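Chemist: On the provided structure of chain A, position chain B as indicated by the hints.
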Amino acid sequence: MSDARIQVAQEPFSLEALRAGDKAEFARLVDAYSARLYRLALKMLGNPQDAEDVLQEAFLKALRHLKSFDGRSRLSTWLYRIAANEALMVLRRKHADTLSLDEPLETEDGEQEPVQIVDWCCLPEQELLSSEGRRRMDEAIERLPHSLRVVFLLRDIENLSTAETAETLGLSEVAVKTRLSRARMRLREDLSAYYSERMERMSHGA
Amino acid sequence: MAHEECRHLLGALSDYVDGEAEAAICAEIERHLAECENCRVVVDTLKKTVYLYHDTVAEPSEIPAEVRQRLYKRLDLDDLLAKS
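Just so you know, the sequences run in chain order A and B.
Quick note, in numbering that gives the first Met the number 0, the first sequence goes up one by one and the last residue is 205.
Quick note, in numbering that gives the first Met the number 0, the second sequence goes up one by one and the last residue is 83.
Derived from the structure by calculation, the hints contain no laboratory data.
Here the structure is a predicted model, which is why all the values come from computation and not from measurement.
Treat the hints with care, as some may be off.
Heads up, simulated DSS-like pairs for lysine-lysine below, C-alpha to C-alpha not over 30 Å straight-line [stated by the list, open to error]:
1. A:22 with A:66
2. A:60 with A:42
3. B:72 with A:42
4. B:72 with A:22
5. B:46 with A:22
Partial list, computed: chain A residues near chain B (C-beta under 7 Å) [claimed, not checked]:
6. 51
7. 52
8. 113
9. 183
10. 190
Idealized CB from N, CA, C, for every residue including glycine.
The shape of chain A in the complex, shown without the other chains (with noise of 0.2 Å):
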């Protein structure tokens, strides 16, 4: 056992391997990673083509960069951070008016208030997760700010830990916590809009 398979520990990938230009090894990595990726870039961007450009890249990055990758991160949040800052590029190249990831966000007293107050949670489960309730589920992420929607889908799609996502991203933790917070009250507006109005449907028999 080498030395940087121990760095790299819990991860079957030798460093060793993927540096020396090890093509088996870099398919693997590849393999192992390559649907979490695309998710990320897919749920970003909500758009298949964008999203296997950010994948073709951000796979192409690692490749070229491997030899300077010092293994103190592990290799999977090292290619989230690529793969992520692959599309928030797209992200700002495509709307260069919103928000990017270095910008601030709003004070802290910036906290919307809940208007939704509705409790649909009594809604049976094939309701929530039919296929317009999914639909729903997407297009509501799709309506999150940048940088709050990177944040979210790390921590509760690709379950990232605070720690993880705030190394990711180059942020602190309590900017993680505060941007997944915000991030998870707008869906639950959102999806509070959508739900409540689908009971008053099923209460009207349709």
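Modeler: The following block gives chain B in isolation, referenced to the frame of chain A:
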């Protein structure tokens, strides 16, 4: 939601549903929820929102075969495609 206390606790609810809020804040939230119906609804629907998103992605995702093929090609790994 117009109350000062509701507004004050708003930013802590996300941590609270994750079970990560500090003990003192947790107690404060629970005290408040006992007497504030609106905030109970917000917390319940927030929990449900997070749960639904977790639930929809629990399924394993795979990239489409053509996407994988083009990715391998772009990375100059084509010769490994046949083997997998």
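Chemist: Which of the numbered hints are not met once you compare them with the structure shown?
Modeler: Violated hints: 5, 7; rest satisfied.
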